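Colleague: As you go down the protein sequences, you meet chains X and V in turn.
When we follow full-length UniProt numbering, the leftmost residue of the first sequence carries the number 1, and every step to the right adds one.
When we follow full-length UniProt numbering, the leftmost residue of the second sequence carries the number 1, and every step to the right adds one.
Everything labelled a hint here was simulated from the structure, so no lab data went into it.
Since this is a predicted model, take the numbers as computed values, not measurements.
Treat each hint with caution, since some may be false.
[Stated by the list, open to error] Dumping the calculated DSS-like pairs for lysine-lysine here, alpha-carbon to alpha-carbon at most 25 angstroms: (1) X:Lys107 / V:Lys107; (2) V:Lys114 / X:Lys9; (3) V:Lys150 / X:Lys8; (4) X:Lys9 / V:Lys389; (5) X:Lys9 / V:Lys7; (6) V:Lys550 / V:Lys520; (7) V:Lys153 / V:Lys212; (8) V:Lys114 / X:Lys8; (9) V:Lys389 / X:Lys89; (10) V:Lys114 / V:Lys231; (11) X:Lys8 / V:Lys107; (12) V:Lys413 / V:Lys321; (13) X:Lys92 / X:Lys107; (14) V:Lys150 / V:Lys114; (15) X:Lys9 / V:Lys500; (16) X:Lys92 / V:Lys411; (17) X:Lys89 / V:Lys500; (18) V:Lys111 / X:Lys139; (19) V:Lys7 / V:Lys258; (20) X:Lys8 / V:Lys111; (21) X:Lys92 / V:Lys500; (22) V:Lys411 / V:Lys328; (23) V:Lys119 / X:Lys8; (24) V:Lys107 / X:Lys139; (25) X:Lys9 / V:Lys119; (26) X:Lys9 / V:Lys111; (27) V:Lys107 / V:Lys81; (28) X:Lys92 / V:Lys389; (29) X:Lys9 / V:Lys550.
The lines below spell out each chain.
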Amino acid sequence: MAEVRNSKKACTVNALKMSQPIGGALAFMGLNGAMPLLHGSQGCTSFGLVLFVRHFREAIPMQTTAMSEVATVLGGLENVEQAIVNIAKRAKPEVIGICSTGVTETKGDDVDGYIKLIRDKHPELDDIAIVYVSTPDFKDAFQDGWARTVTRIVDELVETAAPEAPRTQKRINVLPGCHLTPGDLYEIRDIVESFGLEPVFLPDLSGSVDGRIPDEFTPTTLGGISVKEVATLGTSAWTIAVGEQMRAAAEALEKKAGVPFTLYDRLTGLAPNDDLIALLARLSGRPVPEKWRRQRSQLVDAMLDGHFFFGNKRIAIGASPDLLWSVSSFLTEMGCNIEAAVTTTHGPLLGQIETDEVLIGDLEDLEERAEGCDLLITHSHGRQAAERLGIPFFRMGLPMFDRLGAAHQTTVGYRGTRDLVFEIGNIFIANAHEPDTETWRQTAEVSDDTGSAFAAH
Amino acid sequence: MSSLANKVQDVFNEPGCAKNQGKSDKERKKGCTKQLQPGGAAGGCAFDGAKIALQPITDVAHLVHGPIACEGNSWDNRGAKSSGSRLYRTSFTTDINETDVVFGGEKHLFKSIKEILDKYDPPAVFVYQTCVPAMIGDDIGAVCKAATEKFGKPVVPVISPGFVGPKNLGNKLAGEALLDHVIGTGEPEYTTPYDINIIGEYNLAGELWQVKPLLDELGIRILSCISGDAKYHEVASSHRAKAAMMVCSKAMINIARKMEERYDIPFFEGSFYGIGDMSDSLREIARLLIEKGADPELMDRTEAVIEREEARAWERIAPYKERLTGKKVLLITGGVKSWSVVAALQEAGMELVGTSVKKSTKEDKDKIKELMGQDAHMIEDMTPREMFKMLSDAQADIMLSGGRSQFIALKAKMPWLDINQERHHAFAGYEGMVDLVREIDKALSNPIWDQVRKPAPWDDGQESWEARALAEAEAEAAAIAADPVLAEEMRRSTQICNCKTVDTGTIEDAIKADHLTTVKEVTAATNAGGGCTGCHERIAGILSALAATKAEAREADHG
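Hey, can you work out the whole structure from these sequences and the hints?
Modeller: The structure is reproduced here in structure tokens:
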């Protein structure tokens, strides 16, 4: 049980956090034919764009209302209108997703009002869905922006179903948190489909930024869930939400269309996946396919083989709340000690993490607390800290700009968890200290770790 | 804010900028704040530009005063290298919250400065203003002044909030911050007649280090590079240099010109890209130093080094000739500011497509510059399909361009090399050109191309997006050819000025209605050509074409 504290520093050093609007923009990127639009000055968009391009190694659709100093003071109606009209003309999107920024929130632009005016004036835009979400940069963080945007998409685009309307018994909604990669979504899709069920993801980054040679090029997103499909989410049989951040969206969907939901606070680890498989077996009325029985058994074996190396290892993690919860819970279950946990924003599960303190802070805080740890886990910005500390570094989260395959790092399901055991376990093995004649003389009071004994073989 | 408005006006009045000289008074007032089109642009902002320009100063703490977006979304994303301190890669931001927005963030900023000085003890702190604190009226100039007095360390305000304009304006505002608060505040330990400043070089991928050994050999000392691999003290004492080179991009021309004015440091515009340009730059450095009192024998030594290095570079490029001869390069860039890259490519046997230029005489060079400058600008507006069509029409073997077109080239299974500022390879100096040719060879001769281009055995190849894109383009072309009205509409809607989004039809109508005869008049009437001026040639073309048809009509009338 951890105490959740806020960093008391005035100056954030080596930020762990990223801002709300780009979390929102990424959520919009999980819609097909979408153009995310940040209502702010052009830098707001270009920083986010560059960040995603470096992470996914893909062209990223993202636009700006290009607010100038004067426009910011006078209000951005004209810029929002021009931006929508221009995007409609150039990119022919199905949906334009607008996120506000610090600049336009400080001014207090009434974007909902603007959209009404623009709708009245431009009937030619009637075919294009427009969703607006308020995401000031100076409040909350990336994960909140993602979560709010998904909730807004549900509010705006899902059609209200009549209570008696028939449900598509085979169809399952999946609401993934922003900590899941396209690779994770593929894994969940495989699992759900193996029961003869049809999963639909909102948002679906596996359709848009999974890194492939696409069949065609559009200036908008190249895949993802379509606006039409979103509209029918209310007729699905069940909703699976992954990550505590998705609770609001799942509740909104339940409230609007009566779709019951199950929320998994994580899908990394043995027990949560057992729950998922059991739920799917129940919903589908089918026995658990042999594939999962086999993979479960492989995961159990991996945990047995791996626990020697994980036991008592000291871990420092910096991640957004749901990723932190997922990774720290898994590592705790493998026998590690979470020595340092730093996160970006509040979340209801933070207090339950098995560590003394969870700090809402930055990478400087993490670096201070990570001294002497066996492993540092955070996004790519932790590379300088790991180098200075001289401890092994495992990259998780966004951005991951100095490694290939960020979109395909898969840590959900039995298989994803199994591979994570191998990957992290191998880091421990590779970094085990070889004993020498002085090892025990100097550090009689420090207990040896099992890892070094095994690595010697 | 009014002082910022004056600053912006001031940097736009830059007399050293030829582009600016060509503008009317009215246009000049508007300056280079090419107002970006909402929904049609994604360049960096002025804050981005200021940060890019100053962050290469390695031992300074760069503190961003703003919400998390400005720094949290963007830090550690540039490849400027350091030979010493790593502090410039540590990210500092006030990460202001709602309370700051309501009550003001000045105290928060002041405390942040103190924390940085206590923990990291840098020789100076640079504080960057961003949009939100600028809107709520945080006076960072006053905070910096108070902090400087209280802590006895220079705290420099860099006032360039994102919404005042684009990246290049931010570069200039950053220059102003150095001129106002840094340059001339220190003294070098000693001076020599061979001290120079290099202005506008950021040491991306370590490019400065490709050039420095030659300067070292000649006994020329880089007193200060602004700002690549620089230390605060070097920049502070840079006013004691004898001469300066402004690396050929207009980004920091205000520094070069004002240092000439204030400290009598003559400068020239040069480039380290390309063998010819590198040699010219070395000669110019020597010439300016000799003019300022260095021993004239410096020129002989310089010529000797140039002769040796050029010979060595050509010799090292020669082995690639066999493999590269006849290979076609599509070179599209607005980034690498030197076009003598072309000479190196041609020397290695490659052909340049997209231009009809064969040799690198002076006029040809200018022509290439112009052609590629325009293309580079246009490509930002191209759809992937259009770009693919261009690639396949040009029948190029490799594309050299900026990061924006990377994924189009790669998804078209086309070898591609980044020659813009995000690149990871250093291409400066003689060494750099050899590296460029080596990189091209490496990209072209990679065995993956044959593999990735082969369709899956169950595909007939017609399914690929490439095949479909070409078919669609053809169908469109056929539709246009069959319909003269549509063809005329298409012709008239062709965009001429990309900065101001003006199409052919608008320009033609204005010329006819107001009897315009010069590009200047067209710009005044339609705004076309009022941005980067890259389309002036095209506007002139429209003018002369219309004049010709008019003359014909008149002749017909009289006849």
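Colleague: Run the structure past the numbered hints and jot down the numbers of the failing ones, going up.
Modeller: Hints 4, 5, 7, 13, 15, 27 and 29 are the ones this structure does not satisfy, whereas the remaining hints hold.
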